[in-house]
Each structure stands twice: as structure tokens, then as C-alpha cells.
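Residue numbers (the working numbering), protein chains in the order written: chain A, 1 to 185; chain B, 186 to 440.
Be careful, since some hints might not be right.
Claimed, not checked - With a straight-line Cα cutoff of 30 Å, these simulated BS3-like cross-link-like pairs (lysine-lysine) come out:
1. Lys60(A) / Lys430(B)
2. Lys180(A) / Lys168(A)
3. Lys436(B) / Lys378(B)
4. Lys378(B) / Lys400(B)
5. Lys378(B) / Lys430(B)
6. Lys430(B) / Lys400(B)
7. Lys400(B) / Lys436(B)
8. Lys378(B) / Lys60(A)
9. Lys60(A) / Lys436(B)
As the list claims (entries may be wrong) - Beta-carbon label-pair distances, calculated as ranges:
10. Pro163(A) / Pro193(B): 25 to 31 Å
11. His94(A) / Gln353(B): 40 to 46 Å
12. Pro331(B) / Ala158(A): 25 to 31 Å
13. Gln365(B) / Ala12(A): 19 to 25 Å
14. Lys400(B) / Ser169(A): 47 to 53 Å
15. Glu160(A) / Thr421(B): 52 to 58 Å
16. Thr421(B) / His94(A): 46 to 52 Å
17. Pro248(B) / Lys180(A): 33 to 39 Å
None of these hints come from the bench; they were simulated from the model. All residues carry an ideal CB built from backbone N, CA and C; glycine is no exception.
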Amino acid sequence: MVEPISEVGLSALLVSVGRGDCDALQQVYQLTSGRLFALCLRVTGNRSAAEDVLQEAFIKIWNRAPAFDPELKTSWSWLSTITRNSAIDWYRAHHRRQFVGDYAISSIEDEAEPVLDRIIREERENRAAALLQDLPPEQRDEIQSIFYMGLTYSELAAREGVPVATLKSRIRRAVLAVRKNFDHE
Amino acid sequence: MNEPVLPPAELQVLAAEFASGLLEGADRASAMKRLAEDAVFADMVSVWQENAAQWTAQLAPEPVPETLWPRVQAALGHSPAIAAARSEVANDGLANGRAWRMTAFFAMAATVVLAVALGVVLASASRTALVPPPTAQPPMIAEARPPNIAQISDDSGATLLSAAYYPQDGTLTMNVADLQSADMAPELWVLDKQGVPHSLGLLDNSGSLTIRISKEMRELLVNEAILAITIEDRATAPHAAPTGKIIGTAKLSEI
Chain A
1 MVEPISEVGL
11 SALLVSVGRG
21 DCDALQQVYQ
31 LTSGRLFALC
41 LRVTGNRSAA
51 EDVLQEAFIK
61 IWNRAPAFDP
71 ELKTSWSWLS
81 TITRNSAIDW
91 YRAHHRRQFV
101 GDYAISSIED
111 EAEPVLDRII
121 REERENRAAA
131 LLQDLPPEQR
141 DEIQSIFYMG
151 LTYSELAARE
161 GVPVATLKSR
171 IRRAVLAVRK
181 NFDHE
Chain B
186 MNEPVLPPAE
196 LQVLAAEFAS
206 GLLEGADRAS
216 AMKRLAEDAV
226 FADMVSVWQE
236 NAAQWTAQLA
246 PEPVPETLWP
256 RVQAALGHSP
266 AIAAARSEVA
276 NDGLANGRAW
286 RMTAFFAMAA
296 TVVLAVALGV
306 VLASASRTAL
316 VPPPTAQPPM
326 IAEARPPNIA
336 QISDDSGATL
346 LSAAYYPQDG
356 TLTMNVADLQ
366 SADMAPELWV
376 LDKQGVPHSL
386 GLLDNSGSLT
396 IRISKEMREL
406 LVNEAILAIT
416 IEDRATAPHA
426 APTGKIIGTA
436 KLSEI
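So here's chain A without its partners, still in its complex pose (with noise of 0.2 Å):
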């Protein structure tokens, strides 16, 4: 079971830590730096570079958090991206190929979630997660997998071993399915 983001909550870590409170910053860790990691994994394939990586994001989020605007980005979009775009420039430096599969779950331990908190983040998730309803897994994952990468064409083709031209053809078709599910919003 995934345990939930407290949104709400979250934002309001994050203007406490851009005001320089550093146990702000160790609640925003505690409570994220599970699925912030399980996203380093999938970038970097790399148990100690993901590592390395969350490690580099942290630092970026203590050091960008005095920007932060809640009314401009959700925490958990301005967290992901910053942690998303550490491994990506990992990946980009190192131009490993090594492949990850899909990690075993596991739970961390969460804060119980305040009720407008929870409401918020279902509605979101909800409708993010009807785009993918009714695709093949493998389709489904294909198209998980190019967002929390971020590589371009030719870096997950090498990746991956396929040409681009294979590539493009595959996201394409993955991605005229979830726009179906886009016009039944």
C-alpha cells in the first residue's frame, strides 16, 4: 500500500524551510524522500548513484525553497521535478544503460492525513491515474516511464537498445491511448 502526500502540508513545510528552518526541512525529508528515491532509482538504475542523487536534490531544495510558491506549483510537482531533473543530469554524465525493473513495494511511515488534504490529492491523483485506465501495462508503463526519466529520443533509444525510429513509433501509440482517455475527461 502507498502510503499518501499530505499536499496541504507539505507546501507549508516548504515556506518554513525557505525561511531557513532546517527540522522543516528533516519533516519534508521524512515524509518524501521514499518515493523521491524510488524515482532516483528509476533514473539512474543505480542503487548508491540514486543515492548520490537524492542526496544533490536535497541540497537543491534547501538551497531553492525561499522560491517556492505554492500558489505557482504543487510541493509535490516542485519536489519531483527538482529531484527528476538531479537524475537526469547524473544519467546524462554517466550515460549508464543499465536497466531497472519494477522495485518491490514497500511502505514508509506517513503523518495521518488531514481530510482537505486528502480530498485534494484523490481528485488529482484520481484523474492523472483515468488516463491510464483501459491501457495494456506495458503501454501504461511505457508512458510512466519516458515522464519520470526524462531522456530524450536518442538517450533512451541507446538505453534501451532499440532504434529511435522503433521508439518514436511505440510512444506514439502509447500516447494516442491516453489521449483517448483525455477526451472522455
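With chain A fixed as given, assemble chain B onto it according to the hints.
Just chain B, lined up with the frame of chain A:
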């Protein structure tokens, strides 16, 4: 001038490719130009980005080694003095110059140049005039030169503004994220070679927007010129120098 019209399905594929970072080189430049010119395409890109963020939230957490948090703390060199200094920067209204430098530093690759440049932000008294947008004339006509493009994102990568600048007639076509409030609006700046910001005007509408740049300012909108956005008071715009925090910067690049 404009990117070729694509069927909706193809446009959706392109939006997904752009939002996910798959595009590179000329394809990416072309998509950035379309982003500035086509509000429908910009909306599609936003929808993909928003949903992708939710997909990452559904990743199953991985156990993180207990040694990692102490490493983060050590790398940050946390101490009461540092925390106090950060708090001062974040809360002190007079610290705009420092906040401007700090944000710009992390917002783009040209960190050293920009950090030095922004040191003189508050000393600037340069003013600029915003000419009303053209009505009927398209931005580019004969002897078309490729536009310069820029995409300004915030620290986390969210697109704040996509712009295509057409040097031969001085028009700047933009797609602007909704950053409006009752009293405040985004203001666009270009930095000269000394790093002094000059206002290109208040962007008092979100979505698609075209403005004609004054002749004086056109000289600054060259390849690799740095654009920046701050949030400013509507009532007193345009401003001689930024007063709000900088929320994103980007370099203008030739396609």
C-alpha cells in the same frame, strides 16, 4: 512564420514528446516556437506536465538508507548561524537584491555571469517603453529570419513563459502562464551586457500575447541575451529596476 498546422492527434503527440523531454535539437526548438505561438499547444503541454507529476506521486516508496539524512545535513553544513542568515534573506524586504541574485543563480546555467550581473540590479535606473502590440501586421514577412526563442521556467521546471522574438520587425510573441493577481503581474526584463536589467513591460494578460519592442530595446534582444521575470506592482509599472523577486530566467537562443 508560424509552425505548420497539425491535426489534433499529432499535436497531442508533440505535446507529450515536448513535456516529457524526448525532443532534442531542431525538433525541440520548433516545439518551443510553437509553444510561444499556439495557446492550444501550450495548454496540451501543461496538461501532460500536470498529469506526469501525479504519476510520480504514485511511485511506490523505496527504503532510504539511514545514513543518507546525516549526509544531507553534513553537506549543507547546518548550523544556527546559517539558518539565521537564510531567515534574514527570506524575510527582509531590503534583501531583494540578494534574493534576486540567489534565485537567478539557481534558475539557469549561466550562473557566474548572472550572479555578477545581478549585483548591480538595484543601481539601475534605466527605463524602457512598451509599445502596444501590432494589430493586423503579422510578425514576419519577406526575407524572414528565424526567430530567437526562449522558455522561462521556475526553479522546479514549470514553464512560466515561452517566447519567440522576430528581429526584423521587433515583435515578441509569448505564451504566458497565469501569474496575475489583482495588484501584481509579471514583468519581463532583458539584461544588457553589463547585467543591468531593462524592463520590456508588464505582462498584464496570461496566454498568448504579442508586443512590439522599442528600437532601443531591440539592440538588447540578441542571441544569448538573458530574459527574466519578476512579479511587480501593476500601479507603478513599468519599473526602472526590479523590486519583486525573480521567478525565472532564460537565454534567448537562435533556432
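Right, here's what the structure says about each hint:
1. Lys60(A) / Lys430(B): 18 Å, holds
2. Lys180(A) / Lys168(A): Holds, because 18 Å separates the two Cα atoms, which is no more than 30 Å.
3. Lys436(B) / Lys378(B): 13 Å, holds
4. Lys378(B) / Lys400(B): 17 Å, holds
5. Lys378(B) / Lys430(B): It holds: about 21 Å lies between the C-alpha atoms, which stays within 30 Å.
6. Lys430(B) / Lys400(B): 27 Å, holds
7. Lys400(B) / Lys436(B): Roughly 20 Å separates the two Cα atoms, so the pair holds.
8. Lys378(B) / Lys60(A): 28 Å, holds
9. Lys60(A) / Lys436(B): 21 Å, holds
10. Pro163(A) / Pro193(B): 25 to 31 Å: 27 Å, holds
11. His94(A) / Gln353(B): 40 to 46 Å: Once the Cβ atoms are compared, 43 Å apart, the range 40 to 46 Å for Gln353(B) and His94(A) holds.
12. Pro331(B) / Ala158(A): 25 to 31 Å: 29 Å, holds
13. Gln365(B) / Ala12(A): 19 to 25 Å: 24 Å, holds
14. Lys400(B) / Ser169(A): 47 to 53 Å: Since the Cβ atoms of Lys400(B) and Ser169(A) sit about 49 Å apart, the hinted range of 47 to 53 Å holds.
15. Glu160(A) / Thr421(B): 52 to 58 Å: 54 Å, holds
16. Thr421(B) / His94(A): 46 to 52 Å: 49 Å, holds
17. Pro248(B) / Lys180(A): 33 to 39 Å: 37 Å Cβ-Cβ, so the 33 to 39 Å window holds.
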